[in-house]
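**Student:** Sequence order for the protein chains is Y and B.
Numbering of the first sequence is given in my numbering, commencing with residue 1429 and proceeding in unit increments.
Numbering of the second sequence is given in my numbering, commencing with residue 1429 and proceeding in unit increments.
Hints may contain errors.
Any copy will do: because identical chains look the same in the list, a pair fits if it lies in one copy or spans two.
Okay, derived cross-link-like pairs now, PhoX-like style, lysine-lysine, Cα gap no bigger than 20 Å in a straight line [to be verified]:
#: 1; residue 1: 1456; residue 2: 1511
#: 2; residue 1: 1470; residue 2: 1588
#: 3; residue 1: 1559; residue 2: 1456
#: 4; residue 1: 1470; residue 2: 1511
#: 5; residue 1: 1495; residue 2: 1588
#: 6; residue 1: 1470; residue 2: 1437
#: 7; residue 1: 1588; residue 2: 1456
#: 8; residue 1: 1559; residue 2: 1437
#: 9; residue 1: 1559; residue 2: 1523
#: 10; residue 1: 1523; residue 2: 1456
#: 11; residue 1: 1511; residue 2: 1437
#: 12; residue 1: 1511; residue 2: 1523
#: 13; residue 1: 1437; residue 2: 1588
#: 14; residue 1: 1511; residue 2: 1495
#: 15; residue 1: 1559; residue 2: 1495
#: 16; residue 1: 1511; residue 2: 1588
#: 17; residue 1: 1437; residue 2: 1495
Hints are computed from structural coordinates only; laboratory data are not their basis.
Number of protein chains: 2
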Amino acid sequence: MNHLDLSIKIAINNWQLQIIAFNSLLEKLSDQQLITEIAPAKNRGVYLLGHLTAVHDLMLPLLHFRKALYPELHSVFVEAADKTIVEIPPIIQLKEQWAAVNDTLIWHINHLPVEEWFTQHNSISEENFAKEPHRNRLNVLLSRTNHLSYHRGQLALLIKKS
Amino acid sequence: MNHLDLSIKIAINNWQLQIIAFNSLLEKLSDQQLITEIAPAKNRGVYLLGHLTAVHDLMLPLLHFRKALYPELHSVFVEAADKTIVEIPPIIQLKEQWAAVNDTLIWHINHLPVEEWFTQHNSISEENFAKEPHRNRLNVLLSRTNHLSYHRGQLALLIKKS
């Protein structure tokens, strides 16, 4: 494997490791824990789950893979802060959507030819991309991996110490 | 810039963005906030600062750059859990060490030739590296970037809502 292929493989591996770690954490949390705030007056676990599902879903069009599966999550879990909308989807549904979004994403990620990672993503103009070629699909993957880690660190606080 | 160079540039950019975001957060937190637990019965902010300083310091030998600057932090902030050691360094000293470690790291990171990112790090044998070539220095950079995001997400909980 050449170094360019290896650099993409490493980026994808790191994404998958974060997804696996998040799913492992999610399995350990009861619904009761998920409706608890991660710290006093902060987001609830269920909000973080919905937020990450909505953000990952939007990666599908951002990376030119396909249209979002559940665009209705955006207004609830990205535009609105937690506890400002009373009716949010049930946890069991969010968990299914989380799994479906990530399954769809990883399929497209694994099928994208290496050179395609260096093409522009969907929210940058051709003019700006010519000036800033690092704002490509690979950069989206890395920054979303960090975003996932950020919120996983918060969700982990709901685990009770044994 | 060719795609291989670009992939390394993107990885380094993402590291730097996380460091900048962490420093911006740190500036907003008072010493009083830093000695507060991020959530009830969880780590204090100061422990996360020490933990990240110790882990980043150990990246210096792990990436074959140089020996650690403050190896004494390892026992306090990696081996020991928070609140099990009464005497920890003062916050002002930890902040200086945090800055010194990251300044040293970024100097070496910026001077490492692109091809060198694909060589093995310091805690894998030649035999295992031959089988798993993705366990290289680039992979260390990406996984430590995620580690930093993980704890930044936790530290951000100490910010009071305005």
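**Student:** Please go over all the hints and tell whether each is borne out by the structure.
**Tutor:** Going down the list of hints, with the structure as the test:
{"no.": "1", "hint": "1456 <-> 1511", "result": "neither (23 Å within a copy, 25 Å between copies)"}
{"no.": "2", "hint": "1470 <-> 1588", "result": "both (17 Å within a copy, 10 Å between copies)"}
{"no.": "3", "hint": "1559 <-> 1456", "result": "neither (45 Å within a copy, 33 Å between copies)"}
{"no.": "4", "hint": "1470 <-> 1511", "result": "within (10 Å within a copy, 24 Å between copies)"}
{"no.": "5", "hint": "1495 <-> 1588", "result": "neither (38 Å within a copy, 37 Å between copies)"}
{"no.": "6", "hint": "1470 <-> 1437", "result": "neither (36 Å within a copy, 35 Å between copies)"}
{"no.": "7", "hint": "1588 <-> 1456", "result": "within (10 Å within a copy, 29 Å between copies)"}
{"no.": "8", "hint": "1559 <-> 1437", "result": "between (26 Å within a copy, 15 Å between copies)"}
{"no.": "9", "hint": "1559 <-> 1523", "result": "neither (40 Å within a copy, 36 Å between copies)"}
{"no.": "10", "hint": "1523 <-> 1456", "result": "within (13 Å within a copy, 35 Å between copies)"}
{"no.": "11", "hint": "1511 <-> 1437", "result": "neither (39 Å within a copy, 39 Å between copies)"}
{"no.": "12", "hint": "1511 <-> 1523", "result": "within (19 Å within a copy, 35 Å between copies)"}
{"no.": "13", "hint": "1437 <-> 1588", "result": "neither (35 Å within a copy, 39 Å between copies)"}
{"no.": "14", "hint": "1511 <-> 1495", "result": "neither (28 Å within a copy, 48 Å between copies)"}
{"no.": "15", "hint": "1559 <-> 1495", "result": "neither (27 Å within a copy, 38 Å between copies)"}
{"no.": "16", "hint": "1511 <-> 1588", "result": "between (23 Å within a copy, 17 Å between copies)"}
{"no.": "17", "hint": "1437 <-> 1495", "result": "neither (25 Å within a copy, 29 Å between copies)"}
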